[in-house]
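> Each chain, letter by letter, is given below.
There are 2 protein chains.
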Amino acid sequence: MKLATLKNGERDGSLVVVSRDLSKCQFVPGIAKTMQQALDKWEVVAHELEQVYAQLNTGNAIEALPFDPMLCHSPLPRAFQWVDGSGYVNHVELVRKARGAEMPKEFWVEPLMYQGGSDSFIGPTDPILAADEGWGIDFEAEIAVITGDVPLGSSVDQAGRHIRLLMLVNDVSLRNLIPLELAKGFGFVQSKPATSFSPVAITPDELGHAWRDGKVHLPLVIHHNDKLFGQPNAGVDMTFNFARMIAHVAKTRELGAGSIVGAGTVSNVDRSTGSGCIAERRCLEVIAQGKATTPFMQFGDQIRIEMFDGNNESVFGAIDQVVEKYSFP
Amino acid sequence: MKLATLKNGERDGSLVVVSRDLSKCQFVPGIAKTMQQALDKWEVVAHELEQVYAQLNTGNAIEALPFDPMLCHSPLPRAFQWVDGSGYVNHVELVRKARGAEMPKEFWVEPLMYQGGSDSFIGPTDPILAADEGWGIDFEAEIAVITGDVPLGSSVDQAGRHIRLLMLVNDVSLRNLIPLELAKGFGFVQSKPATSFSPVAITPDELGHAWRDGKVHLPLVIHHNDKLFGQPNAGVDMTFNFARMIAHVAKTRELGAGSIVGAGTVSNVDRSTGSGCIAERRCLEVIAQGKATTPFMQFGDQIRIEMFDGNNESVFGAIDQVVEKYSFP
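Each protein sequence line maps, in turn, to chains W and Y. Heads up: the first sequence begins at 1 in this note's numbering, then just goes up one per residue. Heads up: the second sequence begins at 330 in this note's numbering, then just goes up one per residue.
Worth flagging that the hints you see were computed from the coordinates, not collected in a lab. Keep in mind that a hint or two might mislead.
[Stated by the list, open to error] Facing chain Y, from chain W, some residues (calculated, C-beta under 8 Å): (1) L152; (2) G153; (3) V156; (4) K184; (5) G187.
[What the hints assert, rightly or not] Sample of chain Y residues lacking proximity to chain W, with all beta carbon distances greater than 10 Å (derived): (6) S348; (7) Q384; (8) K426; (9) I492; (10) R504; (11) D542; (12) P548; (13) V550; (14) N570; (15) G619; (16) A621; (17) F628; (18) D630; (19) G639; (20) E642; (21) S643.
For glycine and all other residues, C-beta sits at the position ideal for the given N, C-alpha and C.
Next up, chain W with everything else stripped away, as it sits in the complex (with noise of 0.2 Å):
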C-alpha cells in the first residue's frame, strides 16, 4: 500500500491513498483525515485503506484524482518523534579516516543514534532554506520506517513486527556548524535544519523480495544537479537493520505510534556507487587526494532522491529539492 499528505493548508494536511504507479490518488476522510490518525489506529483502518489501494490499482476507485507529488507534503507534516542512525557504518569509518581519527571498535556492535527535530518538516519538492552558503550545506540520502507503538524493552525480532511504512529521507545537514556543535557533545540541534521525505510512503510488502532481513535491497539513486551523484544500494553494507535501531532505541523507553527512525545516509564499501552525500565525497577526495574538491550545496543547487524497482518504476516518488537563500526577518 502507498499513503501520502496533500497540502491543504492545515498543520497535518489530508491523507491520500496513491495507487502503485504514482499516477491516482484518493481521500479517505471516512477512515483517517491523517497520515498520524491512521497510525495512530493502524490495527482498526489498515485493511480499509488497503481496499481502497486495490480499487485504485484495479480503476475501480470511483473518487479517484490525478497524483501529483508537487503538491505533497512529506507523508507526516510534523511527527512526535524522527531519531537517525547510522547503520552503515562503514561510511562513519570513512568520515573518520578522512580526519585522522580512528573510529572507535564498539561503532561496530551498537548503533550510533541521535534524536532529530520532527515539529516542522518540509515538503518532499519545498526548497532548502539557509541564510548563509557558508553553513556547508548538504544532502544526506537515506531510507527510514515508521513505527506503530513500540513497547518499552522490545528485542529486535519483536521492533521489527512494528515497522509501518517506508520513505526516502533528505536529512539536510550544515557540514560546518557540525564541529562546534558535536564537540559539545550533546548531539545536533543548529546543524540539522528542516528534513524532508519522499513524496510517498509504503508499506514493505510493496518491496517484495526487495524487503528483506530488516533491509530494503535497492539502489538508493541520488542527483545532485541532474548529474548522478551516486545509488549505492541500500541493502548492501547496513550494519545494523531497522529493527535492531528501533530496539536500541526503545531499551529505555517506549516508541509512539509515528515514530520515524533513520538508518542515516546510505553508503556501500564498494565506492563505484558514489555517496549518499557531499561530505563522504569530499572525505573520499582528502583520502586520494589530500583535500577536498567538491564543494557543499550554493543556492540554486538542486537535489532528486529517488528509487525504483525491478521495473524502474519510481516507487516513492522522488524528492526534488532547490537550495533557496532565506533572510532574517
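Since the structure of chain W is already known, use the hints to place chain Y on it.
Leaving out everything else, chain Y in the frame of chain W:
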C-alpha cells in the same frame, strides 16, 4: 490562565481549564479538545479559554468539576518537539570540575542544547519505569516553556514573544548510560527515558512580577523521599533565558506550535539552596570529600517537584513520581 490534560484513554487526553487555586477544572471541547489543538490555533482560542478561566476563578463556571492532579497526563502527553538546554551554566561547570575537566569558555556565551524524545511522555504522578537500578536513575528538576510558531531566524526578542505556557519538568536521566552515549558525540537517546511535566501549564502572566527577563524568579522545591533535596531559585544564575534558548534553535529552522523548550537543571551558585538532581549533589561530594556518597534512585524512591508563589500556593501542582522496576516482556 492554567491548563491541564486529563487522561481519557486517548493518546492526547482531554484539555481542561484549571482554576488558579487548582481546585476546579472544566472541559472545553467547544473551544479545543486537546492541548495541541489549543496551541495550533492559540490566537483564535486563547481569549475564549481565558473567559472560562475567569468563570472558574469567580465560582461562576456552571460545569466545573473537582481538579485531581492524579488524573492528569503531562499537559502535552506527546509533543512534536522537546529540546532542552543547559541554562544554568554553573551546573555544567560544576559537573566538569568534579571529573577534573575544564568547561569550554563558549558554554558561557552559547547555549548547550539537546533534542529529546517527545513521542511518549508520562504523567506527573506516573511511575518512572526502569529495568535496572544500575542504570543510575536520577531526576532533574527543570522549567520549560511551550512555544507557538517561531519563525526561522527569529531574534531573541522575537523568540520571547512566542512563549505560550510554562511547566515544570522531571527530565529523568540514566546517569550510568550517559558517559558511553555522550562519548559517541551524538547526544542522548537511551540515557533519557520518558520525561514528565507538572500537572498544570500556565501562561506567564500567572506569575506576575516573578516572570521577568524571560526567567521564573521563584524557588523550585525538590523533595526526595520526603526530605528536602533542594530549593534553588530558578531566576538566579540562569545564564540563558528562555528567549535566548528558543532563538538558538530557531537559527536554522522554524519551531512548530507546541514545541517544548527546557532550561536544564535549575542550579544556584549558592550551594546552600541544595540541588536539582542527584548528580549535582554527588559532584559536590566528590569535590568536598573526594567521593560521591549519595546513591542514585532505587526502586521505590519518590521524587516530588513543585513551585510555590508568594502566598505559598502551589503554582503548577506537583510532579510526584515513584521509581518502579520494569520487567522486559
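> With reference to the structure, classify each hint as holding or not holding.
We went through each hint and held it up to the structure:
1. Because the beta carbon of L152 (chain W) sits about 6 Å from the nearest beta carbon in chain Y, less than 8 Å, this interface hint is met.
2. Here the hint on G153 (chain W) is kept, as its CB sits about 4 Å from the closest CB of chain Y, short of 8 Å.
3. Taking 8 Å as the C-beta cut-off, the interface hint given for V156 (chain W) is violated, the closest approach to chain Y being about 12 Å.
4. With its C-beta approaching chain Y no nearer than about 5 Å, K184 (chain W) sits inside the 8 Å limit, and its interface hint holds.
5. Because the beta carbon of G187 (chain W) sits about 2 Å from the nearest beta carbon in chain Y, less than 8 Å, this interface hint is met.
6. With a closest Cβ-Cβ approach of about 30 Å to chain W, S348 (chain Y) is found to remain outside the 10 Å limit, as its non-interface label requires.
7. Every Cβ of chain W is farther than 10 Å from the Cβ of Q384 (chain Y); the closest lies at roughly 30 Å, confirming the non-interface assignment.
8. Every C-beta of chain W lies more than 10 Å from that of K426 (chain Y), the closest at about 16 Å, which supports listing it as non-interface.
9. The claim that I492 (chain Y) is not at the interface with chain W holds, since no C-beta of that chain comes within 10 Å of its own (minimum 15 Å).
10. Chain W leaves R504 (chain Y) outside its interface by the beta-carbon criterion, the shortest separation being 12 Å against a cut-off of 10 Å.
11. Taking the minimum C-beta to C-beta distance to chain W, about 23 Å, the non-interface status of D542 (chain Y) holds against the 10 Å cut.
12. The Cβ of P548 (chain Y) sits about 27 Å from the closest Cβ of chain W, beyond the 10 Å cut-off, so the non-interface label holds.
13. Against the 10 Å criterion, V550 (chain Y) stays outside the reach of chain W, whose nearest CB is about 27 Å from its own CB.
14. The beta carbon of N570 (chain Y) is kept farther than 10 Å from every beta carbon of chain W, the shortest such distance being approximately 17 Å.
15. Distance to chain W confirms G619 (chain Y) as a non-interface residue, since its nearest Cβ pair spans about 25 Å, more than 10 Å.
16. No Cβ of chain W approaches the Cβ of A621 (chain Y) within 10 Å, the least distance being about 21 Å, so the stated non-interface status holds.
17. The beta carbon of F628 (chain Y) is kept farther than 10 Å from every beta carbon of chain W, the shortest such distance being approximately 15 Å.
18. With a minimum CB-CB distance of about 17 Å to chain W, D630 (chain Y) clears the 10 Å threshold, and the non-interface call stands.
19. Non-interface status of G639 (chain Y) relative to chain W is upheld: no Cβ of that chain comes within 10 Å, the nearest being about 35 Å off.
20. At the 10 Å boundary, the C-beta of E642 (chain Y) stays outside the reach of chain W, the nearest C-beta of that chain being 33 Å off.
21. S643 (chain Y), annotated as away from the interface, keeps every beta carbon of chain W farther than 10 Å; the closest lies near 28 Å.
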